[in-house]
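Visitor: Fit chain L to the known structure of chain P by using the hints.
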Amino acid sequence: MKKKIDQVLLIDDDEATNFINELVIKKMNIVENIEVVNSAERALEYIKQVSKEFQKLPNLILLDVNMPRMNGWQFLEEYKTLKAQLKGQPLIIMLTTSINPDDRERALQITEVSGFRNKPLNEDLVKQIIEEFPQLTDNEI
Amino acid sequence: METTELITKNLVESAHDVVIGIDLAGNIIYCNAAVKSIYGYNPNDLIGSPYKRVLPQEKLGEFAAITENIMFGGTNESIESIRLTVDDRRIKVSVIYSPIKDDIGKLLGISAVERKLTEFRKAQSRSQALIETAPDAMVIVNSFGQIILVNVQTEKLFGYSRQELLGQEVEILIPTRYFGNHAQHRKQFFSNPKVRGMGSNMELYGKKKNGAEFPVEISLGPLETEEGFLVSAAIRDITERKYAEEKFKRLLESAPDAMVIVGEQGKIELVNGQTERLFGYSRKELIGKQVEVLIPERYRQQHPVHRNGYFTKPKLRPMGANLELLGRKKNGEEFPVEISLSPIEDLDKTLVSAAIRDVSQRRYIKQLEHKNRELEQFAYIASHDLQEPLHTINSFVGFLKQDLHDGSEEDIKKYLNYISQASARMGNLISGLLQYSRIGKKRVLTEINCSHTLKEVMSNIQGSIQESEAIINYSELPTIKAYPTEFKQLLQNLLSNAIKFRKKDVPPVITIGYQKDSEKYTFYIQDNGIGISPKHYEQIFIIFQRLHLKQEYEGTGIGLAQCKKIVELHGGKIWVESSLNEGSIFYFSI
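In the order they appear, the protein sequences are chains P and L.
Residues in the first sequence are numbered from 1 upward in steps of one, following my numbering.
Residues in the second sequence are numbered from 1 upward in steps of one, following my numbering.
Just so you know, the hints here were simulated from the structure itself, not pulled from any lab data.
Treat the numbers as computed from the prediction; the structure is a model and nothing was measured.
Heads up, some of the hints might be wrong.
[Unchecked claim] Calculated lysine-lysine pairs in the BS3-like style (CA-CA distance at most 25 Å, straight line): (1) L:K442 <-> L:K516; (2) P:K127 <-> P:K56; (3) L:K500 <-> L:K550; (4) L:K330 <-> L:K249; (5) P:K27 <-> L:K36; (6) P:K52 <-> P:K27; (7) P:K26 <-> L:K414; (8) L:K9 <-> L:K116; (9) L:K249 <-> L:K349; (10) L:K535 <-> P:K80; (11) L:K504 <-> L:K550; (12) L:K315 <-> P:K27; (13) L:K194 <-> L:K247; (14) L:K36 <-> L:K116; (15) L:K401 <-> P:K27; (16) L:K550 <-> L:K413; (17) P:K127 <-> L:K249; (18) P:K26 <-> L:K116; (19) L:K535 <-> P:K48; (20) L:K413 <-> P:K26; (21) L:K315 <-> L:K289.
For reference, chain P alone in the conformation it holds in the complex (with noise of 0.2 Å):
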């Protein structure tokens, strides 16, 4: 039996996709922990606080492409800047209604990203991303 994914983080700024997606997951008992930001600053915000308590960081991060201010191609950027001091290298998937194929050119182009999902999340999605990443079910990152 494998284990359960240690954390997910969840970033998006619509109230209801963030409600779907945390019950999506919970409802898959899969997962340890469900962390929910509600914009990429807050993300950010809360992957430094976790590097600096040495807590562990996400195993998986869903990221949605349109938000305010800082949408997620501006998160990736800051986070690469952060990288360098993080322990671990959390899985990133951008999660986004976009059916624009420019924009899934762009997302497999950023090194730091490792897939490019249609919304809406649901159980079926969840378990193409865990079979294709075994990595968040079989070990310790």
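Guide: Same frame as chain P, but now just chain L:
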């Protein structure tokens, strides 16, 4: 007396010409010292020798004929002949033979006076020598129109020998069809002689002996001599130049662009057919005109400055890089052009060729392409924002299905709540998008009283004004020409924003006013709200771009994009001055 004797004695001896006395048997019985300097012979060596010693083989017959002629009492003109020097070189001489007679007229012998010819075939005339050096064919004509002097170039050019031309009327050298006028022109020239080009602006032709015609350029000059008043004509064959010109013209015509050749003063010297078609002028109307006739009137004053600038440093380059250049047709219509300039070095002046390309079509295509790209992006972004609430509804409907029987009432209420919020949001987005895309449809510019419009807007949003306890200050606003529906939407969006983005627990205070400066009104709407960081000054006007979470400030991200589109429709600009927590001033100029 002694001097006279000496002169007589040395007269012949000292002459520069060779003087030879020949007896009737053909032997040299006297020769002067010039045989040494010209033929290299010692006079004593020659005396007693036969005269034919200095003649080449082919001239023996000539001398025999002359001897015979003299014996029969004939006279001889000077002739050209050839002599052999002591070292067997051949030199050209002019010779005159005369009989030597005794006191009673009995023939004793023949004298030959021989002069070495210089490089000119005939050195007898200084003017001949002069005209031989001219690069052009030179023809000297007397007042009767007779040719009295020509040079080698004339012989070469027209194919006549000198003898054939001398004494002939000068019309022999021109095509028959010009005879009629030529004599007339010739007389006129003699009545007012001065140096000038002949038949300026006319195509002149010469005629060769074989009848072939060729284009020429002719300069005339008066010549006063002892023999009377003469005219010199310098004739230049311009076949090559004509050919080059033709080639150049053909090249010009084959160019895909309108080509305009301009001189230093900005005068049009040459245009091609494309220029006529593009600008609607005929060639005749353009040549000699200032090139500024082809540009819109409002640029004409400035243009000569640029033009002069170019002539001081002419090189191949596009004109007005990064500027939108406009051409002006004869009918006043303006159209966008692209222009390349390049200098043409002519003989004595610099010309500039301008290749002008009509780019209206290309510009139009570019605009369409740009619009298409915009639309595509717009469709992606719109579908993104529209799908989000749809996904939300979908997801919650899924939860509802699962939880309907065993879920708590509280959860189900929550789901339904999210569903109705998402539907409402969807509705807002759709109507916002529709409004946005309809901006500028069926528009008619109308005089509107802005104060009236503002009052209408305030009554539309009375609810939120009262709820927020907003204070709205405004002065009397002007009457302007605008699109009424759109202008009202603009004011309403800006005023709604000023109320919506207020600080918590601080009632909004909003001031609306305007400034007028040269033909333009700049309106402003100032608030005491939450303000905008300078880094977001541009972003806020882009559709669907929001700075706040929906639960903080509800909105679709369409309002300010609408405002921008409306202001631009009026040919104006919209911008913001603000900083975080310091309130904002939105400006728009119309």
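Visitor: All hints are to be evaluated individually against the structure, with a verdict given for each.
Guide: How the hints compare with the structure:
no.	hint	verdict
1	L:K442 <-> L:K516	28 Å, violated
2	P:K127 <-> P:K56	23 Å, holds
3	L:K500 <-> L:K550	12 Å, holds
4	L:K330 <-> L:K249	24 Å, holds
5	P:K27 <-> L:K36	136 Å, violated
6	P:K52 <-> P:K27	31 Å, violated
7	P:K26 <-> L:K414	17 Å, holds
8	L:K9 <-> L:K116	24 Å, holds
9	L:K249 <-> L:K349	18 Å, holds
10	L:K535 <-> P:K80	21 Å, holds
11	L:K504 <-> L:K550	16 Å, holds
12	L:K315 <-> P:K27	76 Å, violated
13	L:K194 <-> L:K247	34 Å, violated
14	L:K36 <-> L:K116	13 Å, holds
15	L:K401 <-> P:K27	14 Å, holds
16	L:K550 <-> L:K413	20 Å, holds
17	P:K127 <-> L:K249	77 Å, violated
18	P:K26 <-> L:K116	128 Å, violated
19	L:K535 <-> P:K48	23 Å, holds
20	L:K413 <-> P:K26	19 Å, holds
21	L:K315 <-> L:K289	23 Å, holds
Hints 1, 5, 6, 12, 13, 17 and 18, counting from the list given before, are not met by this structure.
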